[in-house]
Amino acid sequence: MNVKTGVKVIAGAVMAGAIQTAVADDLTLCWASWDPANALVELSKDFEAESGHKMSFEFVPWPNFADRMLNELNSGGGLCDLMIGDSQWIGGAAENGHYIKLNDFFAKEGIDMGDFIPATVTGYSEWPKGTPNYWALPAFGDVVGWTYRKDWFERPELRKEYKAKYGRDLDVPNNLDELKDIAQFFQKRKIDGKTVYGAAIYTERGSEGITMGVTNALYNYGFEYSNPAKPYDLKGFVNSKEAAAGLEYYKELYDTATPPGSSNWYMGENIDAYKSGQVALQMNFAFIWPGVEADPNVGGGKSGYFPNPPGPGGHFAQLGGQGISVVAASDKREAALEYIKWFAQKKVQDKWWKAGGYSALRAVVEDPGFVSSQPYAKTFLDSMAIVKDFWAEPAYADLLLPMQERIHDYVIAGKGTAQQALDGLVKDWTEVLQDEGKL
Amino acid sequence: MLKLLVNKLALKTPRGVSKHVRGLSDKKLAWLFVSPTIILLLAINIFPLLWTIYLSFTNYRVNRPNRDVKWIDLRNYERILSDSDIWQTMQATAHFLVSTLVIQVLIGFTLAFLINKKFKGNDLLTTLIVLPMMLSPAVVGNFWTFLYQPQIGLFNYAISFFSGVDASSFSMIGDVHLAPWAIVIVDTWMWTPFVMLICLAGLRSIPDSIYEAAECDRASQWRQFWTITIPMVLPFLMLAVLFRGIENFKMFDLVVQLTGGGPGSLTTLSSIDLKREAFEKWKTGYSSAYAVILFVTVFGLASIYVKALNKVKDR
Amino acid sequence: MSFSVTAPSPRTKLISGLIVGLYALVTLAPLLWIIATGFKSGQDSIHYPPKVLFEPTMEGYVNLFTTRTRIPSDQPPKDTTSMTWYEEIVYKKGEIIAEPSKYGERFLNSTVIGFGSTALCMFLGTIAAYAFSRFKVPLKDDLLFFILSTRMMPPIAVAIPIFLMFKNLGLNDTYFGMIMLYTAVNLSLSVWLLKGFMDEIPVEYEEAALIDGYTRFEAFIKVVLPQAITGIASTAIFCLIFAWNEYAFAVLLTSGDAQTAPPFIPTIIGVSGKDWPAVAAGATLFLVPVMVFTVLLRKHLLRGITFGAIRK
Numbered sequence: 000m001n002v003k004t005g006v007k008v009i010a011g012a013v014m015a016g017a018i019q020t021a022v023a024d025d026l027t028l029c030w031a032s033w034d035p036a037n038a039l040v041e042l043s044k045d046f047e048a049e050s051g052h053k054m055s056f057e058f059v060p061w062p063n064f065a066d067r068m069l070n071e072l073n074s075g076g077g078l079c080d081l082m083i084g085d086s087q088w089i090g091g092a093a094e095n096g097h098y099i100k101l102n103d104f105f106a107k108e109g110i111d112m113g114d115f116i117p118a119t120v121t122g123y124s125e126w127p128k129g130t131p132n133y134w135a136l137p138a139f140g141d142v143v144g145w146t147y148r149k150d151w152f153e154r155p156e157l158r159k160e161y162k163a164k165y166g167r168d169l170d171v172p173n174n175l176d177e178l179k180d181i182a183q184f185f186q187k188r189k190i191d192g193k194t195v196y197g198a199a200i201y202t203e204r205g206s207e208g209i210t211m212g213v214t215n216a217l218y219n220y221g222f223e224y225s226n227p228a229k230p231y232d233l234k235g236f237v238n239s240k241e242a243a244a245g246l247e248y249y250k251e252l253y254d255t256a257t258p259p260g261s262s263n264w265y266m267g268e269n270i271d272a273y274k275s276g277q278v279a280l281q282m283n284f285a286f287i288w289p290g291v292e293a294d295p296n297v298g299g300g301k302s303g304y305f306p307n308p309p310g311p312g313g314h315f316a317q318l319g320g321q322g323i324s325v326v327a328a329s330d331k332r333e334a335a336l337e338y339i340k341w342f343a344q345k346k347v348q349d350k351w352w353k354a355g356g357y358s359a360l361r362a363v364v365e366d367p368g369f370v371s372s373q374p375y376a377k378t379f380l381d382s383m384a385i386v387k388d389f390w391a392e393p394a395y396a397d398l399l400l401p402m403q404e405r406i407h408d409y410v411i412a413g414k415g416t417a418q419q420a421l422d423g424l425v426k427d428w429t430e431v432l433q434d435e436g437k438l
Numbered sequence: 000m001l002k003l004l005v006n007k008l009a010l011k012t013p014r015g016v017s018k019h020v021r022g023l024s025d026k027k028l029a030w031l032f033v034s035p036t037i038i039l040l041l042a043i044n045i046f047p048l049l050w051t052i053y054l055s056f057t058n059y060r061v062n063r064p065n066r067d068v069k070w071i072d073l074r075n076y077e078r079i080l081s082d083s084d085i086w087q088t089m090q091a092t093a094h095f096l097v098s099t100l101v102i103q104v105l106i107g108f109t110l111a112f113l114i115n116k117k118f119k120g121n122d123l124l125t126t127l128i129v130l131p132m133m134l135s136p137a138v139v140g141n142f143w144t145f146l147y148q149p150q151i152g153l154f155n156y157a158i159s160f161f162s163g164v165d166a167s168s169f170s171m172i173g174d175v176h177l178a179p180w181a182i183v184i185v186d187t188w189m190w191t192p193f194v195m196l197i198c199l200a201g202l203r204s205i206p207d208s209i210y211e212a213a214e215c216d217r218a219s220q221w222r223q224f225w226t227i228t229i230p231m232v233l234p235f236l237m238l239a240v241l242f243r244g245i246e247n248f249k250m251f252d253l254v255v256q257l258t259g260g261g262p263g264s265l266t267t268l269s270s271i272d273l274k275r276e277a278f279e280k281w282k283t284g285y286s287s288a289y290a291v292i293l294f295v296t297v298f299g300l301a302s303i304y305v306k307a308l309n310k311v312k313d314r
Numbered sequence: 000m001s002f003s004v005t006a007p008s009p010r011t012k013l014i015s016g017l018i019v020g021l022y023a024l025v026t027l028a029p030l031l032w033i034i035a036t037g038f039k040s041g042q043d044s045i046h047y048p049p050k051v052l053f054e055p056t057m058e059g060y061v062n063l064f065t066t067r068t069r070i071p072s073d074q075p076p077k078d079t080t081s082m083t084w085y086e087e088i089v090y091k092k093g094e095i096i097a098e099p100s101k102y103g104e105r106f107l108n109s110t111v112i113g114f115g116s117t118a119l120c121m122f123l124g125t126i127a128a129y130a131f132s133r134f135k136v137p138l139k140d141d142l143l144f145f146i147l148s149t150r151m152m153p154p155i156a157v158a159i160p161i162f163l164m165f166k167n168l169g170l171n172d173t174y175f176g177m178i179m180l181y182t183a184v185n186l187s188l189s190v191w192l193l194k195g196f197m198d199e200i201p202v203e204y205e206e207a208a209l210i211d212g213y214t215r216f217e218a219f220i221k222v223v224l225p226q227a228i229t230g231i232a233s234t235a236i237f238c239l240i241f242a243w244n245e246y247a248f249a250v251l252l253t254s255g256d257a258q259t260a261p262p263f264i265p266t267i268i269g270v271s272g273k274d275w276p277a278v279a280a281g282a283t284l285f286l287v288p289v290m291v292f293t294v295l296l297r298k299h300l301l302r303g304i305t306f307g308a309i310r311k
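Protein sequence lines correspond, in order, to chains A, R and X. When we follow numbering that gives the first Met the number 0, the leftmost residue of the first sequence carries the number 0, and every step to the right adds one. When we follow numbering that gives the first Met the number 0, the leftmost residue of the second sequence carries the number 0, and every step to the right adds one. When we follow numbering that gives the first Met the number 0, the leftmost residue of the third sequence carries the number 0, and every step to the right adds one.
Chain A extracted, bound-state conformation (with noise of 0.2 Å):
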């Protein structure tokens, strides 16, 4: 070790405050392998420079990733020192003690979760929910909008057809019909000689995809994972009429305003028929946006972004993102605080948000700049605001491949009805629950 990087290492120790021998840690992060992982391993060369430690990074493709990093914490592995973990793994890596209770570091550092946006420390940090126990600093905000072709929008001729056919113009929709609607009406348009679609929407079958998509319709109808009142109770909560036309809606939007072939859609999928002009329309995270803006075709000011919009039954959109945890079973624990520590300063976050992160933390999406500083800034903290989360239960993975398979079954192969599907769906959910002696 040189002088210089002497210097920096104990430089980085007195910062961090620890009084240890400057000793540097090799750490390894695990993260989906996805663009905003790419930006992380950007930011985090800041982090090596203070700090004298070296990251490394193990990112695993979405489709594999919580199977992948599931079965090493499962298994007690030291592959990765800090996690950033899907929202729902909270509950079972809290349960199961895969992560380190972060409560006394928070306290020691003065890390207050009171900064970041309520919805992420919620979402991805505590567990039980709504109770002061905290797993995970919120690392990556994340939620499901709308993109559309303002390009599209703005042409005179297809708003004045829009508004013979519809009697209002041809703008963000207020509602989830107009949103159909809309979607309806570039169905197999000729757009520049092209036939083009309405909307790309999650439909993937193998993860979690049609359940991030669909459950935007379900909550704004009406849908509720239990009764308010009384924990784990499902009966006319999960398959309520309400639920049941919600998951008819989105049915119908996949049947009459979705590309063909869009059966086993989700994230990516989803990018490249947007990119690609297929489609006015893309359900997704927010996590695209910035590659949208920088996209040469779509990008540029073509492109505009909305909130889920609301429905009959209320205004909620999916909650997506993660927050970074210290493993359990990593031997470098004090190295994997120094970096949560090192996150969750200011200035790291705001460099992360320009580097396409989306900071949770609030000092930097309530400054006054933050809004007009992208163009889906304000979309995305609007989006924040109404987030709901499926299951974040220990037994979230059992809850969750019955629900791909029913709405799956229902709303892409065409069986049985929407009440079938969410009455087949609370009874699976039962039996798990009863597993799990939750009923």
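Keep in mind the hints are simulated off the structure, nothing from the lab. Fair warning: there could be bad hints in the mix.
Unchecked claim - One-sided and incomplete, this derived list gives chain A residues near chain R with beta-carbon spacing under 10 Å:
| no. | residue |
| --- | --- |
| 1 | D66 |
| 2 | E94 |
| 3 | T202 |
| 4 | P308 |
| 5 | Y409 |
| 6 | V431 |
In this text the structure is predicted, and so the values were computed from the model without any measurement. C-beta atoms are modelled at their ideal positions from N, C-alpha and C, and glycine is treated no differently.
Position chains R and X relative to chain A; hints supplied.
Structure of chains R and X alone, referenced to chain A:
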């Protein structure tokens, strides 16, 4: 080149080693040669299998380290066999298995038969045709999702080019009627060459003298085909079917990448379903029972089949 | 042979050649499409309708070997003249290279594990096949069926115990563990194939050697082995194809150090969305070693697949 290498190896074998081994009797040498294989298979195949069987009688779950592991007798088996979903995946697997085998045998045999006419350049074409089976099934499955896209994919584009049907009017992966065939098409594309190679080997092993004798007896071409070619190639064909059958019964990577098991559960083959139970729900005991059921099924079918194969062979 | 009465007529040859040629064309089209996509730009790759003619670019290959990130909006423009060609390609799309991607490492892992397990499998398979072919091994038929039966188990079914076992032995995510595993999976095939070959080699050669004063072991090395080359070569091709392309075990049992390329390639993503040119480039490069190996051993392939056991 390889021959040289082996000769060198033969010469270079140290005197000490051969001297040491020299004294061994045939019997000892036999054990020395067989035991590493048996030991490795015991360690990596049989031991896990036994463990799986043990786990199948328990309620063990890898992701519940704090829960007691209980012996629950046959409960896992009862639950699986009474679950209608399992039968649905079995049906999907059977459809996949039977259609791929039939189609691949027909095309593979025809190709081999034609290549065996020894036209100019048949060697080169054989090598080219074999290429798809050298790709990674996971990569193939993944890439075909791209080829199957109605708007931007080559497959629909090509079909529409030759048939005039609008490329966007059908979706191979999304349509409930087409999806089971979409996976068959990709598997056929990838593995027909394998069947073809085995058939070709079979055809080439038929001595010309048999045909010459038939020619002397004025047997028609058609008759020669049915009385000489088919019976002589049959054992080879059956072996090809055995190997393809075992592989496709286990099919996982290609289909999971291609359809994820959808639409609905139409292409959820047994292995995909098993993987969900074992590595997503982490129902270790339950999925172990599932695995044992699958294993018994394929083992049973294969042993009946091998018996039939031996009969054909001995004829 | 061409003098024989059974030789096909020129017309039959022509028609056969045409049909097979047509099949080759159809079957190669998707493969060519993969290779071509590797040289497309991101936009051309998802062009609607698909583009047959396009301007080739190395973008896919550059993306394959790098991890990139978008240039932050507040960064001043840079001079492109001092950049390398690949930095320039990336920069023109508004991105900068963050670090090399893991593709190189994964490829190396595949090479070590693929060829390593194939070599080990050939070694063990050859000696075991020789023993089964020549010696009286107790319960021979049962053992042989047992060996074949190990191939019937779906990989997923044994993955959990193997995972736990490897974990306890510290073999998880190591070359050694993966080589052993792939060797075990391939052994059944190689023992079965090679036994067929050994059966075909006349016993008389060895007996002559034994009379000349060779020991059994020397006879095996110096007489039998050289004759079994064809069989070993063709069996090696099949073992390599499997070990090289295996996905299920790789995705469940390796995470970093020993992860091979197949789980990696389908998941390459760009700065936003799926990076099809990079996926195609990765698939193309990954095909090359097996292809070269197969072409080199081509003349053994057909001969080898006779599964000699069937007919003498």
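- Holds or violated: is there a CB of chain R closer than 10 Å to the CB of A/T202? Result: holds, 8 Å to nearest chain R Cβ.
- Task: Under 10 Å, Cβ to Cβ, is where A/P308 needs to be relative to chain R, so tell me if that hint holds or is violated.
- Result: violated (25 Å)
- For the hint on A/Y409, does the least C-beta distance to chain R fall short of 10 Å? Cβ of A/Y409 sits 8 Å from chain R, so the hint holds.
- Hint validity - A/E94 Cβ closer than 10 Å to any chain R Cβ: holds (8 Å)
- chain R contact restraint on A/D66 - CB to CB distance below 10 Å: Hint on A/D66: holds, closest Cβ of chain R at ~5 Å, below 10 Å.
- Item | Given hint A/V431 near chain R, where the shortest CB pair must fall under 10 Å | holds (9 Å)
The structure fails hint 4 only (numbered hints given earlier).
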